[in-house]
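Student: In the order they appear, the protein sequences are chains A and B. 214 is the number that my numbering gives to position 214 of the first sequence; each next residue is one higher, with no gaps. 156 is the number that my numbering gives to position 156 of the second sequence; each next residue is one higher, with no gaps.
Hints are not guaranteed to be accurate.
To be verified - Covered by chain B, according to a simulated footprint, are these stretches of chain A (three or more residues, beta-carbon under 8 Å):
1) 83 to 95
2) 126 to 133
3) 151 to 162
4) 210 to 216
5) 264 to 278
6) 297 to 307
It is worth saying that the hints were derived from the structure and are not from the lab. C-beta: ideal position from N, C-alpha, C; glycine also.
2 protein chains.
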Amino acid sequence: MSYEYERVAAPRSGLRLHLNENTAGCSPRVLAALQTMTREDAAFYPDYTDAIEACAGWLGVAHDRVLLTNGLDEGILAASVAAMRGSEGERRYEAVVVVPAFDMYAACVDAAGGRVVEVPLGPDFSFDGDAVMAAVTSRTRLVFLTNPNNPTGQAIRRDAILAIADHASHAIVFLDEAYADFAGDTLIGDAALDRLPNIIVGRTFAKAWGLAGLRVGALIGSTETMAPLRRVVPPYSINAYAARALPAALDDRDYYDWYLDQVRTSKGLLYDALRKLSIPFWQSGGNFVLARFGSDAARVLEGAAARQVFLRDRSRDPGCEGCVRIGAGVIDHTEACIAAIREVLCGAP
Amino acid sequence: MSYEYERVAAPRSGLRLHLNENTAGCSPRVLAALQTMTREDAAFYPDYTDAIEACAGWLGVAHDRVLLTNGLDEGILAASVAAMRGSEGERRYEAVVVVPAFDMYAACVDAAGGRVVEVPLGPDFSFDGDAVMAAVTSRTRLVFLTNPNNPTGQAIRRDAILAIADHASHAIVFLDEAYADFAGDTLIGDAALDRLPNIIVGRTFAKAWGLAGLRVGALIGSTETMAPLRRVVPPYSINAYAARALPAALDDRDYYDWYLDQVRTSKGLLYDALRKLSIPFWQSGGNFVLARFGSDAARVLEGAAARQVFLRDRSRDPGCEGCVRIGAGVIDHTEACIAAIREVLCGAP
Numbered sequence: 001m002s003y004e005y006e007r008v009a010a011p012r013s014g015l016r017l018h019l020n021e022n023t024a025g026c027s028p029r030v031l032a033a034l035q036t037m038t039r040e041d042a043a044f045y046p047d048y049t050d051a052i053e054a055c056a057g058w059l060g061v062a063h064d065r066v067l068l069t070n071g072l073d074e075g076i077l078a079a080s081v082a083a084m085r086g087s088e089g090e091r092r093y094e095a096v097v098v099v100p101a102f103d104m105y106a107a108c109v110d111a112a113g114g115r116v117v118e119v120p121l122g123p124d125f126s127f128d129g130d131a132v133m134a135a136v137t138s139r140t141r142l143v144f145l146t147n148p149n150n151p152t153g154q155a156i157r158r159d160a161i162l163a164i165a166d167h168a169s170h171a172i173v174f175l176d177e178a179y180a181d182f183a184g185d186t187l188i189g190d191a192a193l194d195r196l197p198n199i200i201v202g203r204t205f206a207k208a209w210g211l212a213g214l215r216v217g218a219l220i221g222s223t224e225t226m227a228p229l230r231r232v233v234p235p236y237s238i239n240a241y242a243a244r245a246l247p248a249a250l251d252d253r254d255y256y257d258w259y260l261d262q263v264r265t266s267k268g269l270l271y272d273a274l275r276k277l278s279i280p281f282w283q284s285g286g287n288f289v290l291a292r293f294g295s296d297a298a299r300v301l302e303g304a305a306a307r308q309v310f311l312r313d314r315s316r317d318p319g320c321e322g323c324v325r326i327g328a329g330v331i332d333h334t335e336a337c338i339a340a341i342r343e344v345l346c347g348a349p
Numbered sequence: 001m002s003y004e005y006e007r008v009a010a011p012r013s014g015l016r017l018h019l020n021e022n023t024a025g026c027s028p029r030v031l032a033a034l035q036t037m038t039r040e041d042a043a044f045y046p047d048y049t050d051a052i053e054a055c056a057g058w059l060g061v062a063h064d065r066v067l068l069t070n071g072l073d074e075g076i077l078a079a080s081v082a083a084m085r086g087s088e089g090e091r092r093y094e095a096v097v098v099v100p101a102f103d104m105y106a107a108c109v110d111a112a113g114g115r116v117v118e119v120p121l122g123p124d125f126s127f128d129g130d131a132v133m134a135a136v137t138s139r140t141r142l143v144f145l146t147n148p149n150n151p152t153g154q155a156i157r158r159d160a161i162l163a164i165a166d167h168a169s170h171a172i173v174f175l176d177e178a179y180a181d182f183a184g185d186t187l188i189g190d191a192a193l194d195r196l197p198n199i200i201v202g203r204t205f206a207k208a209w210g211l212a213g214l215r216v217g218a219l220i221g222s223t224e225t226m227a228p229l230r231r232v233v234p235p236y237s238i239n240a241y242a243a244r245a246l247p248a249a250l251d252d253r254d255y256y257d258w259y260l261d262q263v264r265t266s267k268g269l270l271y272d273a274l275r276k277l278s279i280p281f282w283q284s285g286g287n288f289v290l291a292r293f294g295s296d297a298a299r300v301l302e303g304a305a306a307r308q309v310f311l312r313d314r315s316r317d318p319g320c321e322g323c324v325r326i327g328a329g330v331i332d333h334t335e336a337c338i339a340a341i342r343e344v345l346c347g348a349p
């Protein structure tokens, strides 16, 4: 079996509610900062001093615990390559992936020559820590956890994460917190990390901070656990524009708070609308909502797209039959999305 | 033994002649194109249609033979990861690296879990194709060749490259043409590639095109050989600004020609100056010149740096005792560099 990331169509016009982007765009301060870039800035290999400092400051960690990556994708790849090199005799090293999950985990593990061991979520997408621990073997070198999960939006309890890291102490536990800004819950700064240095936390500035096009993510972890990952990441992987953008973005906390507020309100609007339509959904910790349209899923996806509202088909994910993931960010965009879904399901208003 | 890329200090002020950057900056058209980027461009996952088309058009190859990479570094990493996964029983796969070479080859092979097999250049940095072929074993999965070489600037003859690719048909031959713009010699478009589909050519837009800060490289190769590398490169590895910059850069052929002309003249000026100073050097196919200052090397490096001219110490590279690599780009910068070197070696004018 081969795992590949499926690149989805991403039209420039219409409402892109299928990639969990911040559809308001980046902070105006970011654009202003990038307008000051010079011809030399574009032509010189970038320096990351300011970007690392801004990131470490925002997350409240020491500089040497931060590794900036070219989007969190590069962090996932670096962990996969570092963890999957070598083998136990003839048998490949393994990575445990809780599914449904972001496609990149399996794609990167597979590309790095490792074996993907899938562990399904429990009933109603609940996290089953015992099942994850049962899947850990002597060959396990990497465990991917996502909190909150994508695409379900469900949380993992702190003690479940710590128990897994304790049980799989010979492996890296990669805790993907791409959507933690929205859930307001993070393991960064948690004292438990001192006794569980095998945990690496992944963050991205693509979502809440609106920098998806600029590609900036970060890994946070102990010096020792991070060392083999640092060797995989090329020395100039972050683009000069991204390096300039990050401090400017982090300097505009008002913009971040505004978007988080929009997301909260948008999720409430979506929950109400889905309830009225009797569509099952899961309350989400992210900037998206997973809803089960069942046999109407294809019709909703196509009908919304015909109205220039792009949603994400997740119906082929394990346990997600008939499910569609709906971006929940800017309120105006959410209202347009709800109108489109109502039109498709109930006819013209 | 562990190989790591040594990040060198890169001051923003002064003359950066130590990283083979285009010190004139990118084309003004690139900056103008980037000034039109919007908040949405920064926040949305990028689309590469235009950038791939521009790159394929410039190189005269079909779109599906091009893989854009986040700097050529990412291409080197992708080849290393794809080629080094797995092993021959207990024995790791091997990559042949002709040294002296760009540090990233060994760093990436090592990070990917492979074994680096170094083959030294012949007398006077001549390329020894027989030695390369003799180093190829059943475990060889990758051979790095650089034409023209960095840091020596020396060329590899076409028939030597083809003979190696023919001999090592079970391996990827990664032909790094980062400096081919300056030498005017490329294997892209060569009919021999049809019978040697194991050759992948690497190019970068960091050097002649002045886009080092934007991180854009490209791999060109057959669909089959490229497939495992494509799986390693994340789907959104090129930043949105880079994707916008590349077509704008390639549209300004006059700027490219101007810089190539500056490089030619600068190399002539450097050759003359080094001859007058009785410093041995090698005529170079790149935008740099390697010169052997011998026991004066450290004094030249430090003295030039004190005058805000930064040169690259290559004295620890195999066969490069006492050698310094000097960027040879913008004529004004070369003249300032020559003045600094003369001052250090001969005293104030």
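Student: Please go over all the hints and tell whether each is borne out by the structure.
Tutor: Hint check results:
no. : hint       : result
1   : 83 to 95   : holds (count 6)
2   : 126 to 133 : violated (count 0)
3   : 151 to 162 : violated (count 0)
4   : 210 to 216 : holds (count 6)
5   : 264 to 278 : violated (count 0)
6   : 297 to 307 : violated (count 0)
Against the hints set out earlier in the document, violations occur for numbers 2, 3, 5 and 6.
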